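Full structure from sequences and hints, please.
Residue 6 in our numbering sits at position 6 of the sequence shown, and the numbers go up by one each step.
Treat the hints as calculated values from the structure; they're not laboratory data. Any given hint could be a false lead.
To be verified - No more than 27 Å apart at the CA atoms, straight line, and that leaves these computed lysine-lysine pairs for BS3-like:
hint	residue 1	residue 2
1	K134	K100
2	K62	K31
3	K100	K36
4	K134	K175
5	K62	K148
6	K31	K114
7	K33	K134
8	K36	K2
9	K16	K134
10	K148	K114
11	K33	K62
12	K114	K62
13	K134	K116
14	K44	K134
15	K175	K148
16	K33	K44
17	K31	K16
18	K33	K16
19	K44	K16
20	K62	K116
21	K2	K134
22	K114	K134
23	K100	K62
24	K100	K114
25	K62	K175
Since we're looking at a predicted model, the values are computed, not measured.
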Amino acid sequence: MKQRFNRQDIELLEVKNVFNGFFTMDEYRFKHKLFKGGWSGEVKREVFERGNAVVVLPYDPKTDQVVLIEQIRIPVIHSGQTPWLFELVAGMIEPGEESKDVAHRELLEESGLKAKQVHLVSSYFASPGGTSEKFDFFWADVDASLAKGVHGLDDENEDIQVHVMSRVEAFTLVKDGIINNASTVIGLQWLELNYLCLQNNPETSVR
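Below, the structure is given as structure tokens:
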């Protein structure tokens, strides 16, 4: 099914920067066409601008194991039992970078692993009601036996513990609500649907 409207159905009146720090916030003023016909009045929305990112699922199809990382996420300190989360590898795409190159770089920085190959699975928006951030989601063919230790960049205050677990154990953490961040839930659900294809032919990019 194709959407009825596209970019041409928005009248962008103004984009104004209202905050510029570690992240930025822009204020958008716009009008848009309505499903019932005609145009909306002026709408004002603040948009959290943090750039785009990659998320990488390190998976060993030979041993059916997943490599997860654990690190502190201070924004969830008041919302979860602990601000230390089990996650997939992820990182920001800097201007001029290709997302596949970022996937390789972040995998090495955060887990110490070099992928035999990485495959783009899909792209999705993190939280489109408030931010423009888009994730390019890759799965990486890795040797899980090499995953161990603590990683991350000191100049970015990263303190990242690597964990290796079976695919079944990782998905159980999703079902039990222990893994509760969107990109990791999405990645492990995708793996649960496609692991047999990856085991039978790891060189095939599965979408």
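Is K36 within 27 Å of K2, Cα to Cα?
-> 17 Å, holds
27 Å Cα cutoff - pair K114, K134 = 24 Å, holds
Can the restraint linking K134 and K116 be considered satisfied, given a maximum Cα separation of 27 Å?
-> Roughly 25 Å separates the two Cα atoms, so the pair holds.
Quick one, are K114 and K62 close enough, alpha carbons at most 27 Å?
-> 16 Å, holds
For the pair supplied as a hint, K100 and K62, confirm whether the alpha-carbon distance does not exceed 27 Å.
-> The hint holds at about 23 Å.
Taken at face value, is the distance from the CA of K134 to the CA of K44 at most 27 Å?
-> Roughly 22 Å separates the two Cα atoms, so the pair holds.
Is the straight-line distance between the alpha-carbon of K31 and that of K114 27 Å or less?
-> 47 Å, violated
CA of K100 to CA of K36, is that 27 Å or under?
-> Since the Cα atoms of K100 and K36 sit roughly 42 Å apart, the hinted pair is violated (cutoff 27 Å).
Is K33 within 27 Å of K62, Cα to Cα?
-> Since the Cα atoms of K33 and K62 sit roughly 52 Å apart, the hinted pair is violated (cutoff 27 Å).
Assess, step by step, whether the Cα of K62 is no farther than 27 Å from the Cα of K31, and give holds or violated.
-> Not satisfied, since the Cα-Cα distance of roughly 53 Å exceeds 27 Å.
Between K175 and K148, does the CA-CA distance stay at or below 27 Å?
-> 25 Å, holds
Within 27 Å, alpha carbon to alpha carbon, are K62 and K116?
-> 13 Å, holds
Checked against the numbered hints above, the structure breaks hints 2, 3, 6, 11 and satisfies the rest.
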